[in-house]
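Q: Last residue of the sequence shown: 343 in this note's numbering, with the numbers rising by one and none dropped.
Worth flagging that the hints you see were computed from the coordinates, not collected in a lab.
Errors might be hidden in some of the hints.
Unchecked claim - Subject to a maximum C-alpha distance of 35 angstroms in a straight line, what follows is the list of computed DSBU-like cross-link-like pairs (lysine-lysine):
#1 Lys-106 to Lys-144
#2 Lys-213 to Lys-315
#3 Lys-277 to Lys-315
#4 Lys-225 to Lys-101
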Amino acid sequence: MRILFKWLFSKVKPIYIISILIIVGFLSIFIFPTFISSNILIKAEFPLDKSPNPKASKYFINAMEHKTKIANLHKSVDYDNPIMKPFLDDLYFEYEKGKSLLPKNSAEDVYWYVILFRGIHGIGGIPDRKDMSLSYKNMYSKEEYEQHYQEIVNKIKRLATDDFNFDVPRITQYKYEFMVNLVYEIMYILNDYIKIDKKILVNKKYENDLKEIYAYYMNFSNKYLPLANKQNENRTENIVIKMRFFSYFLSFIIHQTREANCDNENYIKLIKNIKLLKQMNLTSASTYKNEYFYYESAFNSPLIYGTLIVPEKYCPKLKEEAKEVMKYFNKDLEKKYIKEK
């Protein structure tokens, strides 16, 4: 609270003091009372005696407490609202301090990076409340966005190779999901690049990066997917993310060779996983009536659908299977591709 007062009174003229007091009163009555109970729960959830790096973890947990404040404020204001700034500054400070205290072979900061910033900066998807005010995509220049891409590639490698063992359920059970968030961030960036310039698909750097990430992802998921909570949802997520990998690989090779490449095994893998996803869709629909299947959106993917057009048109051995699975997708995608032709 002292930090907030100091910041406000350094920025705002005395004439606005009454308005400031009203705002602070609002925060005190409706938001700050939840902080104390939340902070107690956070410390109970991440006991420092379970951490291999307790001095560093202490700062990360402090950052988590600031994230709780930010999440409560975000119910009323956007992330780029001036009232958020002191809390965001504290969050960044605690995170960087914790990171600086880690040994070089620890990837603990990668875990905290995802949990602390994915809502604020939209890592792996759309930020909370669809508030894109501080999303990396909108904040960064082209050069900074490219640097962000490389940083995420490095974080995936570190999480998969260095790892860390903070022996609490919240970390063990969510490691798989956080790897997924990082992988999706790479895919979203590639998708942004491709929209601007399709020459990205003939650039070996991005293809090699994605192939390397896929190998890291598979090894990591084999280890941590069985430990994840929400098994049904996460096993389905695993199918979806592999479908996206296969689609990107095929897009790269199609654009580089200008051929159908009908013998490429990724077509077989893609079709197999689409069928598996559809079966899980049907099973889920019968189990959870009137509920939207949480990965139905995969059947709205232009990337995956567009990849299937090639075997459906140019690969006799794959034609019927490709045609069959294309029926699972949103009918609007077919119209879209007919219109583009």
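Q: Going through the numbered hints above, which ones does this structure break? Give me the numbers in ascending order.
A: The structure conflicts with no hint, since it agrees with every one listed earlier.
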